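Start from the sequences and build out the full structure, keeping to the hints where you can.
There are 2 protein chains.
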Amino acid sequence: MAADGDGARPRTNQADLGALIAQLKASYGERASTSLAVREQHAQGFSFHDIRPADVVVMAKTEAEVADIVVAAAKYSAPVIAYGTGTSIEGQLAALEGGVCINTAEMNSILSVNAEDMDVTVEPGVTRKQLNEHLRDTGLFFPVDPGADASIGGMAATRASGTNAVRYGTMRENVLGLRVVLADGRVIHTGGRARKSAAGYDLTRLFVGSEGTLGVITAITLRLYGIPEAISSAVVQFDDMEGAVNAVIATIQWGIPIARIEFIDEVQMDAINRYSKLNYGLKPTLFLEFHGSTSGVTEQTTRMGEICDEFGGGDFQWTTDAEESRRLWQARHDVAFACVALRPGSQAMATDVCVPISRLAECVLETRKDIDAEGVVAPIVGHVGDGNFHVAFLIGPDDREGDLIIANRINKKLVERAIAMGGTSTGEHGVGQGKMAYMDLEHGEALDVMRTVKIALDPNNIMNPGKIFTI
Amino acid sequence: MAADGDGARPRTNQADLGALIAQLKASYGERASTSLAVREQHAQGFSFHDIRPADVVVMAKTEAEVADIVVAAAKYSAPVIAYGTGTSIEGQLAALEGGVCINTAEMNSILSVNAEDMDVTVEPGVTRKQLNEHLRDTGLFFPVDPGADASIGGMAATRASGTNAVRYGTMRENVLGLRVVLADGRVIHTGGRARKSAAGYDLTRLFVGSEGTLGVITAITLRLYGIPEAISSAVVQFDDMEGAVNAVIATIQWGIPIARIEFIDEVQMDAINRYSKLNYGLKPTLFLEFHGSTSGVTEQTTRMGEICDEFGGGDFQWTTDAEESRRLWQARHDVAFACVALRPGSQAMATDVCVPISRLAECVLETRKDIDAEGVVAPIVGHVGDGNFHVAFLIGPDDREGDLIIANRINKKLVERAIAMGGTSTGEHGVGQGKMAYMDLEHGEALDVMRTVKIALDPNNIMNPGKIFTI
Numbered sequence: 007m008a009a010d011g012d013g014a015r016p017r018t019n020q021a022d023l024g025a026l027i028a029q030l031k032a033s034y035g036e037r038a039s040t041s042l043a044v045r046e047q048h049a050q051g052f053s054f055h056d057i058r059p060a061d062v063v064v065m066a067k068t069e070a071e072v073a074d075i076v077v078a079a080a081k082y083s084a085p086v087i088a089y090g091t092g093t094s095i096e097g098q099l100a101a102l103e104g105g106v107c108i109n110t111a112e113m114n115s116i117l118s119v120n121a122e123d124m125d126v127t128v129e130p131g132v133t134r135k136q137l138n139e140h141l142r143d144t145g146l147f148f149p150v151d152p153g154a155d156a157s158i159g160g161m162a163a164t165r166a167s168g169t170n171a172v173r174y175g176t177m178r179e180n181v182l183g184l185r186v187v188l189a190d191g192r193v194i195h196t197g198g199r200a201r202k203s204a205a206g207y208d209l210t211r212l213f214v215g216s217e218g219t220l221g222v223i224t225a226i227t228l229r230l231y232g233i234p235e236a237i238s239s240a241v242v243q244f245d246d247m248e249g250a251v252n253a254v255i256a257t258i259q260w261g262i263p264i265a266r267i268e269f270i271d272e273v274q275m276d277a278i279n280r281y282s283k284l285n286y287g288l289k290p291t292l293f294l295e296f297h298g299s300t301s302g303v304t305e306q307t308t309r310m311g312e313i314c315d316e317f318g319g320g321d322f323q324w325t326t327d328a329e330e331s332r333r334l335w336q337a338r339h340d341v342a343f344a345c346v347a348l349r350p351g352s353q354a355m356a357t358d359v360c361v362p363i364s365r366l367a368e369c370v371l372e373t374r375k376d377i378d379a380e381g382v383v384a385p386i387v388g389h390v391g392d393g394n395f396h397v398a399f400l401i402g403p404d405d406r407e408g409d410l411i412i413a414n415r416i417n418k419k420l421v422e423r424a425i426a427m428g429g430t431s432t433g434e435h436g437v438g439q440g441k442m443a444y445m446d447l448e449h450g451e452a453l454d455v456m457r458t459v460k461i462a463l464d465p466n467n468i469m470n471p472g473k474i475f476t477i
Numbered sequence: 007m008a009a010d011g012d013g014a015r016p017r018t019n020q021a022d023l024g025a026l027i028a029q030l031k032a033s034y035g036e037r038a039s040t041s042l043a044v045r046e047q048h049a050q051g052f053s054f055h056d057i058r059p060a061d062v063v064v065m066a067k068t069e070a071e072v073a074d075i076v077v078a079a080a081k082y083s084a085p086v087i088a089y090g091t092g093t094s095i096e097g098q099l100a101a102l103e104g105g106v107c108i109n110t111a112e113m114n115s116i117l118s119v120n121a122e123d124m125d126v127t128v129e130p131g132v133t134r135k136q137l138n139e140h141l142r143d144t145g146l147f148f149p150v151d152p153g154a155d156a157s158i159g160g161m162a163a164t165r166a167s168g169t170n171a172v173r174y175g176t177m178r179e180n181v182l183g184l185r186v187v188l189a190d191g192r193v194i195h196t197g198g199r200a201r202k203s204a205a206g207y208d209l210t211r212l213f214v215g216s217e218g219t220l221g222v223i224t225a226i227t228l229r230l231y232g233i234p235e236a237i238s239s240a241v242v243q244f245d246d247m248e249g250a251v252n253a254v255i256a257t258i259q260w261g262i263p264i265a266r267i268e269f270i271d272e273v274q275m276d277a278i279n280r281y282s283k284l285n286y287g288l289k290p291t292l293f294l295e296f297h298g299s300t301s302g303v304t305e306q307t308t309r310m311g312e313i314c315d316e317f318g319g320g321d322f323q324w325t326t327d328a329e330e331s332r333r334l335w336q337a338r339h340d341v342a343f344a345c346v347a348l349r350p351g352s353q354a355m356a357t358d359v360c361v362p363i364s365r366l367a368e369c370v371l372e373t374r375k376d377i378d379a380e381g382v383v384a385p386i387v388g389h390v391g392d393g394n395f396h397v398a399f400l401i402g403p404d405d406r407e408g409d410l411i412i413a414n415r416i417n418k419k420l421v422e423r424a425i426a427m428g429g430t431s432t433g434e435h436g437v438g439q440g441k442m443a444y445m446d447l448e449h450g451e452a453l454d455v456m457r458t459v460k461i462a463l464d465p466n467n468i469m470n471p472g473k474i475f476t477i
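Protein chains in written order, with the working numbering: chain A, 7 to 477; chain B, 7 to 477.
It should be emphasised that the hints constitute simulated quantities derived from the structure, not laboratory data. As the structure is a computational prediction, the values presented were derived from the model and not from experiment. Honestly, I wouldn't trust all of these hints.
You can't tell identical chains apart in this list, so a pair holds if it fits in one copy or across any two.
Simulated crosslink set (DMTMM-like; lysine to aspartate or glutamate; CA at most 25 Å straight-line) [as the list claims (entries may be wrong)]: (1) Lys-81 / Glu-451; (2) Lys-419 / Glu-112; (3) Lys-67 / Glu-451; (4) Lys-135 / Glu-329; (5) Lys-81 / Asp-22; (6) Lys-81 / Asp-454.
Structure below.
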């Protein structure tokens, strides 16, 4: 997808840029890099947007350094783009107007674990796997799992979620507080360690999901959960999509506290079978996971089996065997690789929407029709407990431009359909550049309120400009 | 508590005020009232702040009317205060600079119930009891329960919660979307019906808890939950506060999905025994409620009994009998009346803080010491699963001013202690006027960010001015 032409000019003139780079090199030495390879590597993420490198990439080690870099950039009105692990999907990392990329990967300390309060405070470069590894001996874990081993800072900035949001919520529900460097270099804290508060505006949730456009996140306090005593996994296949979705609706209405409920369509099941050497039927399928006490998990699983049976689910296979579960979920986690293996040399372009669950079957089926009408292969998987699903378009290697045109055409219909159904243009990938065109349709006048907030907090528009909306 | 002197001047000159009132009377006839009795009745809520009536109270019936009234007020820079049921506690309703009070009580339609999606959209004047009555046949309910039969609009504006937030969350977690009339009369919608979204700034949560200072909420979309198959209630008494709190911590860490876990101190138990004609020991006590399947509730209750036993809890009495449960929780709900009955003719001034749960016992015990040192009677009850507790000070009838001075002295120490412990000045009552003095201590520089957002969205400061912070 081509970047927005209007944003293509560098913001800062050459003389100012030279002065800024000289200042950063003087302060940070080799940690301030102008190498094209380094700059390009920081500018793309997992997106198909044009690579638009920043003018300089700085590896920050502390919050004070982040503030210092922001102040330096602000002095020359140069844009600031924060970088975690580079796993964002919608072109969030492109430096559309040049400027400074702040890599926070080395800000990866776990600042404090409060086991009694079940919270943790981390620097933004800590990744979710690193965090859970660190927590293992405490009996606690952090549940939000977007698939990629993303940084917690990036996950907060994108309002990430993933497979188990249906039970544990998204970053919106699980960030208790933040520290943020603002566009003028001020450092603030938001929220705190109390589980709830009615003390003023919810700035925490204003920054969560703001995709670096309001400030750079330098610390995150997160809710943790007890590692469940027992876990069971199940797979059940349906003759049609409606049966699978109706089973999901019934599950949620029954209040079964299911931890994961993933839908995989027949195209993706084919890909999974081939890639993970499994032997499932090529049917709409639910992958399920239950967390709880030993007897609680048995009860949940049994009841879910009954529900699936009622809605035409086939043989309900479940297990509490850790190795068997691991293999099952590994197959689910490998869907991106499995997709790409359908057409060697291609890359997967993922899009996501989220709709009220009563509209999910219709939304998926109409999208499947669009895909089939275009004659392309594009598996659909979804975190269906939330009404959230993804389409993975295979791009390249033979006709990358043509593939992108088709993918974007289907994507446009999909997003407009989701919004018309009372849903949203993105459940978890964020807006970046890729969903900007739909913000007006989704938000109407409220988009202007977002702009007003942005301009108030970042009047020179230096924080990740050209993302979410243009000013 | 006296109102802030600086805010005591009327904002609008007499001529403009006359014109504004004439316009409102012309449009709304008898629904626009300037009667002192009506105006005073709308200006106090459950607070001890001075009664500061608006100049005119208008009963609005539609969103379009709210917008029209706001536009009229804006024309004369007159303040706008939204009113739901008048149950706010921290002086949120006082018209410190005069202006227009918009009563939304007649905007009480339930606009749509989506049973499959487990959401509902309501007008702001719908009360929580009205909503749950309406939902009864659907098998769904709305869990947030602040005690009073508050309006949903007021609950959203105050970020209310209550006894079962530990399981179901607060208004922060349960509002999916809003419609809001802004200070310039524009009407926006925020959020939507999707369970999650990563599409831009989280304006929903910016308005939730903003206490009418950013706009008037005209519709609210809420998450609903299935009415649990089984409910059990339990009471357990401890020799000391620490045992009770440690049992709570263990419960949460074990992941027991407890629905209510209420702490009641020995002073309040005495009040409850007298008022509700019960016969509990005068000890730190937990009231508990479990929701789930029949076997799930039995398992939760049994395990909780074991935990309480481990931490020195006495006889663990539990029941699934609806009538017995009702009597128990009625006693809990009547704590305010029970308090007041300790000193006939007095009124209860309630304050609330929320701290990380590991600090809860210490915070409560130090507060109890402060209360005892002042020689006053002030029961403590708390939603301890969240680390949230209330102190009820008895004010009057003999020395109202003296009682308020003592209450505010203890309150100040309590709030400063809670903030020093990493907690918050208010878990669920909001800031209003009562907690304004602590905002700087709690938020530091972030308070200026709140002000910046406020000024950007309401440059003439007409929306409930003088609450949360001064401009």
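Reference check for the pair Lys-419 and Glu-112, CA-CA at most 25 Å: within, between, both, or neither?
Intra 41 Å, inter 40 Å, cutoff 25 Å: neither.
Between copies, within a copy, both or neither: which fits Lys-81 and Glu-451 at Cα up to 25 Å?
The answer is between: 21 Å across copies meets 25 Å, while 32 Å in one copy does not.
For Lys-67 vs Glu-451, is the C-alpha pair at or below 25 Å within one copy, between two copies, both, or neither?
between (40 Å within a copy, 23 Å between copies)
Reference check for the pair Lys-135 and Glu-329, CA-CA at most 25 Å: within, between, both, or neither?
within (19 Å within a copy, 48 Å between copies)
How would you classify Lys-81 and Asp-22 at a CA-CA limit of 25 Å: within, between, both, or neither?
within (9 Å within a copy, 45 Å between copies)
Homomeric proximity label, Lys-81 with Asp-454: Cα distance no greater than 25 Å:
between (27 Å within a copy, 21 Å between copies)
Of the numbered hints stated above, the single one contradicted by the structure is hint 2.
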